[in-house]
Amino acid sequence: MNYARITKDGLWDNNIVFAQILGMCPTMAVTGSATNGLGMGLATTAVLVASNAMVSMVRNVVTPDVRIPVYIVLIATLVTLVDVSLNAWAHDLYKVLGLYIALIVANCAVLGRAEAYAQKVGMLPAAMDGLMMGLGFTFALTLIGGIREVIGGGTLFANAHLLLGPAFAFLETTVIPDYRGYLLFILPPGGFLVLGFLLAGKRILDKRLAQRRVTPVATPEPVAG
Amino acid sequence: MISLTHAPHAHAPMAVGQIMATVMLALVPATLYGFWLYGWPALFLWSVAMATALLTEAASLFLQGRAAKPALLDGSAALTAWLLAVSLPPFAPWWVAAIGSAFAIVIAKQVFGGLGQNVFNPAMAARVMLLISFPVEMTMWAAPLPITSGHAPGFLQSLAITFGGADWANPADGMASASLLGHVKTEFTRGVDLASSLPAHFAAVQGGLMDAAWGNRAGSLGESAGLLLLAGGLFLIVRGVITWHAPVAMLLGVAAPALLAHALSPAHYLGVLPHLLSGGLMLAAFFIATDPVTSPNTPAGMFVFGLLCGLLAWIIRTWGGYPEGVAFAVMLMNSLAPIIDRYVKPRIYGRDRKGKSLQLEAKENAR
Amino acid sequence: MKLEQLREKLGYPGAVLGGIGLLTSGALALADRATLDDIQAAQDLDMKQSLTQVLPGKYENDLLKDTVVMPGPEGGVTVYRARQAGRVVAVVFKVQARGYAGPVVSMMGVDRDGKLLGVRVIKHRETPGLGDKIEPAKSEWIHGFEGRSLGNPVAEKFAVKKDGGVFDQFAGATITPRAVVKSVKGGLAFFAKEKPQLLDEPLVGAGRVRDSGGSRARPAPTANHGASL
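Protein chains in written order, with the numbering used here: chain A, 1 to 225; chain B, 1001 to 1367; chain C, 2001 to 2229.
Keep in mind that the hints were calculated from the coordinates and are not lab data. Hints should not be assumed to be uniformly reliable.
Listed next, with one range per pair, are the computed distances between beta-carbon atoms [as the list claims (entries may be wrong)]: (1) Val61(A) x Phe1112(B): 32 to 42 Å; (2) Ile204(A) x Pro1346(B): 35 to 45 Å; (3) Met57(A) x Asp2062(C): 41 to 51 Å.
Calculated Cβ distances over 12 Å to all of chain B for the following chain A residues [as the list claims (entries may be wrong)]: (4) Val58; (5) Pro64; (6) Val84; (7) Ala116; (8) Met128; (9) Leu164.
When the alpha-carbon atoms are kept at most 27 Å apart in a straight line, the in silico DSSO-like pairs for lysine-lysine are as follows [claimed, not checked]: (10) Lys2115(C) x Lys1185(B); (11) Lys2138(C) x Lys2115(C); (12) Lys8(A) x Lys207(A); (13) Lys2065(C) x Lys95(A); (14) Lys95(A) x Lys2002(C); (15) Lys2182(C) x Lys1185(B); (16) Lys2048(C) x Lys95(A); (17) Lys2182(C) x Lys120(A); (18) Lys95(A) x Lys2138(C); (19) Lys1185(B) x Lys2048(C).
Note that the coordinates shown come from a computational prediction; the quantities given were computed from them, not determined experimentally. Note that CB positions come from ideal geometry on N, CA and C, so glycine has one too.
Could you build the full structure based on these sequences and the hints that come with them?
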């Protein structure tokens, strides 16, 4: 298995948000701040790794006609486990994310990975795919959340200590002091706007990269550079 | 590049630039009256909106690698900025106009592909964005203090209001006021009905309903000069730039439910005249709902479009969280315009209304 | 039998689905058992924290165990009692009023003389950046209630400034603070009316709340306001 390929796919080329455009519901709902995006991303990653591994594990046992209900039952169970664990052992974070944890079940990216990848390969690559897809999702959510938070409220990673513990309180920065706030970006329309511009940005970047790769380097670089 | 197509060719009586120029001409009286009523800050705000729109339009076109000059000269960006400027609170800070104008041009227009491609009316999209984002600045209305009256802020004070963030809303200065719809909505939430809140409002602005009708009232430039906008709209109809369908239907869409509800319970529902002359209704009916890009294509479609715009505006004003709903109503209907077009189709040349080809060949054969 | 042959059987898919369902239900049951106590503890801690925020003084009992449910304006109101030497020194209860975007629920602490010890908004959906200044993290506003009571300020001044009262409103948002002020005022009236029961000191043979207020040598205005509201 080509783990470099899996990594690159998950983080960038086939990123859940920026390339597959899946999981839009949590993407829009929780990205009001970088911390919320990070928390939701990490929770989804945990579910993705476990669900991919389990789907891969049962792939020889399950028949095609019952595979969807089986995957859904597995995913729903995992999400419920994450839900009760957070509620019990990370209660402050649960108060922030609680509403959205249950939504991971409905995140089509999780079932999507099970269908598109995990049911076809061994446990290790499947888990790796879950991890990388999850990290790519986390990256996207944190980026969108960060942009919305800075423009909308002038802060970055506010309340990070609730998510990562007091040691990470240093992350909490006020980017623009005495900022009056740009409410649109905290509210749902801001999520759509930021996502739209990021999608366009990724396309432009990918196009540039592709052009650079195609351009033959026949002429030697000038010596002075 | 010249593209040739088969007949039939439709003849456009005016070029885009000419249409835009005519619409701007129709806006001039209302705008000049607004400048007189609200003084320098209104003029500054208008200029900021205009300059930002032209700059961002040029920048967007440059980034897309398109020629900026023809697009700037057709006046569409300037008209968008103009419409936005006359819908803003006249004493709003400069950055409200700048952000609004940039949003209208970049996000509401150029992102969709530029002139003729946008789904939503750019000026209204920007106004809604501003209202949601900056509710404090967007709901602080200035009292009409004509520039000749002596109470108006001077030139330097006006600079401070628009560009310096001066706090002019101090009640002691007498410059702040409430718009009629805003006042009524606030009083309703306190449980004060119209029977007491309306007289209090008119006592505060020192005038009656008729005085307000002539424009001596707090609001945006477009709200205060409602009758001049009506005149401008009639001028556009006479010149053939717009048709009567959308404006008449939109005014009707507000007036009809207002008449009915006011007759049933005068203490809880505003009457027809305050509704028609308040907020952005006149501006929207004649200058926004008639935007050819974001409205349906047929006269019947325009009528339906206008009627629903008006009805939605009345519903939002009456039961919504915001005192004024015209901008929301127009945007909602913008998104429905393609569906209206689906049901109220223009007749295709050579076919009947149902899309069947006319039986010309059969006749010829028979002959 | 090999797996290949087994898969051909008619009942196989059903059995797989059933088996996996059974396994996952088992896992969930175990997880539920394992987390039940911790979740309860976390919720209790949560509740205690919000209770102590509006109860700055000392008390000796476990608030969560010393409660009384009273009929309030919107259904039953759970009242938590703080005691010192067996005597109720303060009570805490929830009040709510309609804000701009839904109900605003507050927790308020009242000492036995009807004086506000503190108010905290615990649930709201007000506009971020405008109405959310009722949160202590965003603004000092909510602390303005401390030390107030039904007579201080007098009933008609117990309102936001826009309505002729003493409490500030926020620029651009009047409805939210108005809702909080209204709910707190209602809560104080509720306390005044139900005082003997809330303090767990029903007077023997006292038929009416108002009588008990008078006989307890409390300043009369409290009882009067309670009656008038």
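Status of the hints after comparison with the structure:
1. Val61(A) x Phe1112(B): 32 to 42 Å: Violated, at about 51 Å.
2. Ile204(A) x Pro1346(B): 35 to 45 Å: Check passed, 38 Å falls within 35 to 45 Å.
3. Met57(A) x Asp2062(C): 41 to 51 Å: holds (47 Å)
4. Val58: holds (45 Å)
5. Pro64: The claim holds: proline 64(A) sits with its nearest Cβ about 40 Å from chain B, beyond 12 Å.
6. Val84: Nearest chain B Cβ is 37 Å from valine 84(A), so the label holds.
7. Ala116: Non-interface label on alanine 116(A) holds, nearest chain B Cβ at 31 Å vs cutoff 12 Å.
8. Met128: Holds: least Cβ distance 38 Å, greater than 12 Å.
9. Leu164: About 30 Å separates leucine 164(A) from the closest Cβ of chain B, which puts it past 12 Å; holds.
10. Lys2115(C) x Lys1185(B): Cα-Cα ~34 Å, so violated.
11. Lys2138(C) x Lys2115(C): Between lysine 2138(C) and lysine 2115(C) the Cα gap is close to 25 Å, so the pair holds against 27 Å.
12. Lys8(A) x Lys207(A): Since the Cα atoms of lysine 8(A) and lysine 207(A) sit roughly 17 Å apart, the hinted pair holds (cutoff 27 Å).
13. Lys2065(C) x Lys95(A): Cα-Cα ~24 Å, so holds.
14. Lys95(A) x Lys2002(C): Judged against 27 Å, a Cα distance of about 49 Å means the pair is violated.
15. Lys2182(C) x Lys1185(B): holds (19 Å)
16. Lys2048(C) x Lys95(A): Given that 27 Å is the threshold and the Cα spacing comes to 15 Å, the pair holds.
17. Lys2182(C) x Lys120(A): Not OK: lysine 2182(C) and lysine 120(A) at ~61 Å, beyond 27 Å, violated.
18. Lys95(A) x Lys2138(C): Holds. Lysine 95(A) to lysine 2138(C) sits at ~18 Å (cutoff 27 Å).
19. Lys1185(B) x Lys2048(C): violated (40 Å)
In this structure, the hints that do not hold are numbers 1, 10, 14, 17, 19, in rising order.
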